[in-house]
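Undergrad: This is what each chain is made of:
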Amino acid sequence: DVKVTQSSRYLVKRTGEKVFLECVQDMDHENMFWYRQDPGLGLRLIYFSYDVKMKEKGDIPEGYSVSREKKERFSLILESASTNQTSMYLCASSPSGVLNNEQFFGPGTRLTVL
Amino acid sequence: AQRVTQPEKLLSVFKGAPVELKCNYSYSGSPELFWYVQYSRQRLQLLLRHISRESIKGFTADLNKGETSFHLKKPFAQEEDSAMYYCALSGRGGGATNKLIFGTGTLLAVQP
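Chains as they are written, first to last, in my numbering: chain A, 9 to 122; chain B, 1025 to 1136.
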């Protein structure tokens, strides 16, 4: 059973703080993703990585950065948190391959920026 | 532009009624289509994908390339089907094309 874990379920930070969201997967997947989930907007891709130390911008990368030093871990960084970054953040992973593969999601981190 | 459209934010039906969750897409090329589901307090998970052509929990979805649609259907809704449903697409080819483009989601509420 694929397990994707996220470091926190709930997080409250203040404007201007640096925030780290951690994601770990235990299935040796090459691909990892960070999304934010907002009512009425669905899931929007922030960044993804298809290999260690590789990263690609998604649709809404502004205000975020990522780090992938090890295959199993993908971190999302908010350099200076702002109130409009209050959201649910979902991490996902998937194996690589020519045919697209199922993405497995973590439980989510609900971030509130005050 | 690559896009997934789910026109309904909320779909409310009675138990035993048929369900159809609409999904239309725009993509240059041959996409892979998926339906993901999120039950209350659970993580998002794959429900079905068009390439599998299978029925999961009584749900089916047919890819209509002419109408660029991938509607999700179930003949008789159950209360446990109540959840948020997301349609999604991706390209084929591995690597960076593995990213998913999600619709805005439809909340299905099945009334007793």
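The hints are simulated quantities; they were obtained by calculation from the structure and are not laboratory data.
Treat the hints loosely; a few may be bogus.
[What the hints assert, rightly or not] Heads up, simulated SDA-like pairs for lysine to any residue below, C-alpha to C-alpha not over 20 Å straight-line: (1) Lys1046(B) / Lys11(A); (2) Lys1081(B) / Ala1025(B); (3) Lys65(A) / Glu1044(B); (4) Lys1033(B) / Glu110(A); (5) Lys78(A) / Asn92(A); (6) Lys11(A) / Pro1042(B); (7) Lys1081(B) / Glu110(A); (8) Lys1046(B) / Leu49(A).
[As the list claims (entries may be wrong)] Distance ranges between label pairs, derived from CB positions: (9) Val60(A) / Lys1097(B): 28 to 36 Å; (10) Ser1054(B) / Met62(A): 20 to 28 Å; (11) Asp67(A) / Phe1100(B): 21 to 29 Å; (12) Thr91(A) / Leu1131(B): 43 to 51 Å; (13) Ser1054(B) / Lys11(A): 19 to 27 Å; (14) Pro1136(B) / Val60(A): 43 to 51 Å; (15) Ser1052(B) / Glu70(A): 42 to 50 Å; (16) Phe1100(B) / Lys21(A): 22 to 30 Å; (17) Gly24(A) / Lys1097(B): 26 to 34 Å; (18) Gly24(A) / Ser1064(B): 18 to 26 Å; (19) Lys11(A) / Gln1026(B): 28 to 36 Å; (20) Arg118(A) / Arg1077(B): 51 to 59 Å.
Cβ atoms here follow ideal geometry from the backbone N, Cα and C, with glycine treated the same way.
Undergrad: For each hint, tell me whether it holds in the structure or not.
TA: Structure-based check of each hint:
1. Of the supplied pair hints, the one linking Lys1046(B) and Lys11(A) is violated, its CA atoms being roughly 30 Å apart against a limit of 20 Å.
2. Restraint check for Lys1081(B) and Ala1025(B): the C-alpha separation of about 32 Å exceeds 20 Å, so the hint is violated.
3. Distance check on the hinted pair: Lys65(A) and Glu1044(B) sit about 34 Å apart at the alpha-carbon level, beyond 20 Å; violated.
4. A hinted pair counts as satisfied when its Cα atoms are at most 20 Å apart, and Lys1033(B) with Glu110(A) does not qualify at roughly 24 Å.
5. With a CA separation close to 30 Å, the supplied pair Lys78(A) and Asn92(A) exceeds the 20 Å bound.
6. Taking the CA atoms of Lys11(A) and Pro1042(B), the gap is about 34 Å. The hint is violated against a cut of 20 Å.
7. Restraint check: the Cα-Cα separation between Lys1081(B) and Glu110(A) comes to about 18 Å, which is no more than 20 Å; the hinted pair holds.
8. The straight-line distance between the Cα atoms of Lys1046(B) and Leu49(A) is roughly 16 Å, inside the 20 Å bound, and the hint therefore holds.
9. Between Val60(A) and Lys1097(B) the Cβ separation comes to about 41 Å, which falls outside the hinted range of 28 to 36 Å.
10. For the pair Ser1054(B) and Met62(A), the supplied restraint of 20 to 28 Å holds, since their beta-carbon distance comes to about 25 Å.
11. Between Asp67(A) and Phe1100(B) the Cβ separation comes to about 37 Å, which falls outside the hinted range of 21 to 29 Å.
12. Checked against the given bound of 43 to 51 Å, the beta carbons of Thr91(A) and Leu1131(B), roughly 26 Å apart, lie outside it.
13. Here the CB-CB span from Ser1054(B) to Lys11(A) is close to 32 Å, at odds with the stated 19 to 27 Å.
14. Taking the beta carbon of each, Pro1136(B) and Val60(A) are about 50 Å apart, inside 43 to 51 Å as hinted.
15. Restraint check, Ser1052(B) to Glu70(A): a C-beta distance of roughly 25 Å breaks the suggested window 42 to 50 Å.
16. Here the CB-CB span from Phe1100(B) to Lys21(A) is close to 46 Å, at odds with the stated 22 to 30 Å.
17. Between Gly24(A) and Lys1097(B) the Cβ separation comes to about 48 Å, which falls outside the hinted range of 26 to 34 Å.
18. With their beta carbons about 34 Å apart, Gly24(A) and Ser1064(B) fall outside the hinted range of 18 to 26 Å.
19. In this structure the hint that Lys11(A) and Gln1026(B) lie 28 to 36 Å apart at CB holds, the actual value being about 30 Å.
20. For Arg118(A) paired with Arg1077(B), a C-beta distance near 36 Å fails the hint of 51 to 59 Å.
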